[in-house]
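Chains X and F supply the protein sequences, listed in that same order.
Oh and the first sequence: position 85 is 88 in our numbering, straight run, nothing missing.
Oh and the second sequence: position 131 is 342 in our numbering, straight run, nothing missing.
None of these hints come from the bench; they were simulated from the model.
Some clues are possibly wrong.
Short, incomplete list of chain F residues facing chain X, as computed with Cβ under 8 angstroms [stated by the list, open to error]:
#, residue
1, 238
2, 241
3, 294
4, 296
5, 301
6, 314
Just so you know, even glycine gets a beta-carbon here, dropped at the ideal spot from N, CA and C.
This is what each chain is made of:
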Amino acid sequence: MKGWLVLISLLAGALLLSLMIGQVLMTPAMLWTGLWSGTGPGALTLRVLRGPSTLTAAGAGAVLGASGTVFQILLRNPLAAPDVMGFMSGAGLAVVAGVAFGVLLPLPLLAAAGGLLAALVVTLLSVRPNGAQSTFTLILVGIGVSFFAAAASSFLVTRMPPQEAADAQRWLVGSLSARSWQHAAQVWGIGSLLFLVLAVQVRAMALLELGDDLAAGLGVRINRARTGLICTGVLLAAAGVAVAGPVPFVALMAGPLGMRIAGVTQPGARLTAAAITGALVTVLADVVSRSLVPGLQLPVGVMTGLMGAPYLLWLLMKEAEAGEL
Amino acid sequence: MTENEVSDAGLSTEALTLAYRDRVVIRDLSLTVPDRRMTSILGPNGCGKSTLLKAMARLIAPAGGHVRLGGEDIGAIDTRALARRLAILPQSPKAPEGITVADLVRRGRTPWRGFLSPWTEQDANVCRQALEAVGLGELADRSIDELSGGQRQRAWIALVLAQDTSTLLLDEPTTWLDLTHQLEVLSLLQSRNRAHGTTVVCVLHDLNLAARYSDHLILLGPSGLVAVGPPGEVVTVENLDAAFGLKALVVPDPVTGCPMVVPH
Ligand SMILES: Nc1ncnc2c1ncn2[C@@H]1O[C@H](COP(=O)(O)OP(=O)(O)OP(=O)(O)O)[C@@H](O)[C@H]1O
Ligand SMILES: [Mg+2]
Numbered sequence: 004m005k006g007w008l009v010l011i012s013l014l015a016g017a018l019l020l021s022l023m024i025g026q027v028l029m030t031p032a033m034l035w036t037g038l039w040s041g042t043g044p045g046a047l048t049l050r051v052l053r054g055p056s057t058l059t060a061a062g063a064g065a066v067l068g069a070s071g072t073v074f075q076i077l078l079r080n081p082l083a084a085p086d087v088m089g090f091m092s093g094a095g096l097a098v099v100a101g102v103a104f105g106v107l108l109p110l111p112l113l114a115a116a117g118g119l120l121a122a123l124v125v126t127l128l129s130v131r132p133n134g135a136q137s138t139f140t141l142i143l144v145g146i147g148v149s150f151f152a153a154a155a156s157s158f159l160v161t162r163m164p165p166q167e168a169a170d171a172q173r174w175l176v177g178s179l180s181a182r183s184w185q186h187a188a189q190v191w192g193i194g195s196l197l198f199l200v201l202a203v204q205v206r207a208m209a210l211l212e213l214g215d216d217l218a219a220g221l222g223v224r225i226n227r228a229r230t231g232l233i234c235t236g237v238l239l240a241a242a243g244v245a246v247a248g249p250v251p252f253v254a255l256m257a258g259p260l261g262m263r264i265a266g267v268t269q270p271g272a273r274l275t276a277a278a279i280t281g282a283l284v285t286v287l288a289d290v291v292s293r294s295l296v297p298g299l300q301l302p303v304g305v306m307t308g309l310m311g312a313p314y315l316l317w318l319l320m321k322e323a324e325a326g327e328l
Numbered sequence: 212m213t214e215n216e217v218s219d220a221g222l223s224t225e226a227l228t229l230a231y232r233d234r235v236v237i238r239d240l241s242l243t244v245p246d247r248r249m250t251s252i253l254g255p256n257g258c259g260k261s262t263l264l265k266a267m268a269r270l271i272a273p274a275g276g277h278v279r280l281g282g283e284d285i286g287a288i289d290t291r292a293l294a295r296r297l298a299i300l301p302q303s304p305k306a307p308e309g310i311t312v313a314d315l316v317r318r319g320r321t322p323w324r325g326f327l328s329p330w331t332e333q334d335a336n337v338c339r340q341a342l343e344a345v346g347l348g349e350l351a352d353r354s355i356d357e358l359s360g361g362q363r364q365r366a367w368i369a370l371v372l373a374q375d376t377s378t379l380l381l382d383e384p385t386t387w388l389d390l391t392h393q394l395e396v397l398s399l400l401q402s403r404n405r406a407h408g409t410t411v412v413c414v415l416h417d418l419n420l421a422a423r424y425s426d427h428l429i430l431l432g433p434s435g436l437v438a439v440g441p442p443g444e445v446v447t448v449e450n451l452d453a454a455f456g457l458k459a460l461v462v463p464d465p466v467t468g469c470p471m472v473v474p475h
């Protein structure tokens, strides 16, 4: 209980900071006045300047955090996450390709298609001749697919007109600049829906976590359940990519971090904690990336990358020590 | 009672062939597991004990033949309905990080719970009884990671007890345990069998313990079934030689009178 309180207070603090900090500092009092009067600099900040992007950041972080936890529970490995395994780069590639070739589909659909395709490729490529599939092969193949998709995106970007290319490049790193209420509504709407879909599958998840044989013995149709969970996980990641680009490492970090802070172990609680932590990490990274260099707005992905890369290295070293690598 | 009625009551195999791809592990096996009794599957490493047990729980589809539960082909039973009738504990399961004993055992109730139905008094009672049956009532809130090997094994058994099925399959529930804990686990399964009439099927490696605790033995060898029947008939010098290539003496156990194996 105390853990949840800590987590929620941290998120509330981060949201407030994100609304306060920018080119002009807004005090909480100004924001408060703006909220109730609907006029003045406080109101402008809330309604136009920082409100939508803060909410978008929180929403994107939440769906990414939940997505990472789906794969971490399913594969029982802290390295499993849509960013590490290429689903997010796949979604990013689909979006860039869509823009480059003028495909007139909504971004979330493009991202979802790319993410699902990447997941399918990773799954198929990691099947061994004898039909077995190890978690580790899956993750390594995912890293490979991730590099491939990122390279293909970069290639497409070089073929774009200069201004478009600059925007696309920025988006590919993961960016939250100039987000509108539409972005916020989109990620929160799709995210809430996917959360409901996930809630229905939580019991099956809790059994799959015990291993396939036990899960099957406890009445789970494992192939169906796993496919459902993978699709939900990929779609969650795609919902995040559609509004914020393939922001790296949020999905990887949020789950383990949230689990520790909230002190929970059950899948439903882990997913919730991961969503809150994902929002927290993303909002904080956004605040820092906006205020680190005065007058310059770094893409949020640069910040999450700076935070996440050391974590990934630490995780790899830990796994290597435990003999898992 | 005719032969047919006996096999209709419980678990049986009929011309069962099990294979991994082209590698046949069990060929044309027909046998009946006596209902409401304790049965042990014995045999050397790699002879197909786990494979047979998994097929009995429908975790592996047969390459030929059938597994029947109560006369029905097990492949035709609805997944959840099967999970309410038969539970399986696989060889060396792995617990999720940090999970408590109580949380683990609660997951055993899943087949009995409706789609969105809340946790009921009945569920709580069954879990409490399962924990008490394995002697972990006091340690329910402990994390599995903090338990000894024997306690951990008993937590897993509590999980399948909470599943509340009339048939219980366990793959090597006593491996890694010291002798006292092996006896403890087998006694607990035996008292479950005696008190609830649960049909228990275990894969075991210790011949003497199997002979002591089982009503019925299935002895597999490198090339298929060697013998099946009550311990007195199965544990013989010839059968041990055929299954294990083991030269041994079989004498009555001084404590129970069951057959006891003394290797040369
Ligand atoms: N998933 C699998 N794919 C291919 N072959 C397998 C598989 N599982 C088991 N086998 C093979 O099938 C044979 C029987 O295996 P099984 O696990 O049933 O043996 P076992 O009698 O339980 O052995 P142990 O006493 O060592 O547990 C072995 O030769 C094994 O190598
Ligand atoms: Mg085995």
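Each hint tested on the structure:
A hinted interface residue such as residue 238 of chain F counts as satisfied when its beta carbon comes closer than 8 angstroms to some beta carbon of chain X; here the least separation is about 21 angstroms, so the hint is violated. Given hint, residue 241 of chain F at the interface with chain X, is violated; its Cβ is 24 angstroms from that chain's nearest Cβ, farther than 8 angstroms. The beta carbon of residue 294 of chain F is positioned within 8 angstroms of a beta carbon in chain X (closest approach about 3 angstroms), and the interface hint is therefore held. Look at residue 296 of chain F: its Cβ only gets to about 10 angstroms from chain X, farther than 8 angstroms, so that hint breaks.
Below 8 angstroms, beta-carbon pairs count as interface contacts, and residue 301 of chain F has one with chain X at about 4 angstroms; its hint therefore holds. Satisfaction of the interface hint for residue 314 of chain F is found here, the shortest Cβ-Cβ separation to chain X being roughly 6 angstroms, below the 8 angstroms cut-off.
Of the numbered hints listed earlier, those contradicted by the structure are 1, 2 and 4.
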